[in-house]
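Asker: Sequence:
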Amino acid sequence: MTEQNRVEVSVDQLVAQAEQLRDYINRLQNMVRELTDSLISIESSKEAIGLLGSGGRELLLATDRKGYVILEGVTVSLGKVLVNLGMNYYVEVDPKTGVEMLNKEEESVKTNIQTLQEELSKSVSAYNEIAAILNQIQQAERQGPSGEGE
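Taking full-length UniProt numbering, the leading residue of the sequence shown gets 1, the next gets one more, and so forth.
Careful, some of the hints might be misleading.
[Stated by the list, open to error] Straight line, CA to CA, 20 Å or less: simulated EDC-like cross-link-like pairs of lysine to aspartate or glutamate:
hint: 1; residue 1: Lys46; residue 2: Glu107
hint: 2; residue 1: Lys110; residue 2: Glu92
hint: 3; residue 1: Lys46; residue 2: Glu106
hint: 4; residue 1: Lys46; residue 2: Glu92
hint: 5; residue 1: Lys96; residue 2: Glu106
hint: 6; residue 1: Lys46; residue 2: Glu19
hint: 7; residue 1: Lys66; residue 2: Glu34
hint: 8; residue 1: Lys96; residue 2: Glu107
hint: 9; residue 1: Lys66; residue 2: Glu92
No wet-lab data here; the hints were simulated from the structure.
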């Protein structure tokens, strides 16, 4: 490394940077989890539209995500579906258009997941580099000024 590329930082600054990166990594991981959950919901919605088709059917309907209460024998006619546009706005469309809209949303979510995973990879690499530097500093301090171990 040349003198021009050298940057001096304190150990405290390195520790602070590592903590910031760790928090950033946690936020990125949470965002990826949320988007992955959205992706699963989109896929389930498309599957439900496909299974129900255009005819009325009886089905079991869970009232919550965990299935604590299930309504039996609910009749569904799939002439129209409501698709979430975001921010509590919905549009009523035919099932085919609904699936097309869900396909576009699915692609958008996949792209966002990919982008976040790339950023996550870079952040983890940066964190690992800082952690390695801090480990070297810690080992040097243990060996003392003479370079000998205890």
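Asker: Compare the structure with each hint and give your call.
Answerer: How the hints compare with the structure:
Distance hint between Lys46 and Glu107 is fulfilled; the C-alpha atoms sit about 13 Å from each other, no more than 20 Å. Restraint check for Lys110 and Glu92: not satisfied, since their Cα atoms lie roughly 24 Å apart, outside the 20 Å limit. In summary, the hint linking Lys46 to Glu106 is supported, as the alpha carbons are separated by about 10 Å, within the 20 Å threshold. At roughly 15 Å between alpha-carbon atoms, Lys46 and Glu92 fall within 20 Å of each other, so this suggested pair holds.
As the CA atoms of Lys96 and Glu106 are separated by approximately 15 Å, the hinted pair is consistent with the 20 Å bound. Distance check on the hinted pair: Lys46 and Glu19 sit about 41 Å apart at the alpha-carbon level, beyond 20 Å; violated. A threshold of 20 Å between alpha carbons decides the hint, and for Lys66 with Glu34 the separation of about 17 Å falls inside it, so the pair holds. At most 20 Å may separate the alpha-carbon atoms for a hinted pair to count; Lys96 and Glu107 meet this at roughly 17 Å.
Of the pairs offered as hints, the one joining Lys66 and Glu92 is violated, with about 27 Å between alpha carbons and a cut-off of 20 Å exceeded.
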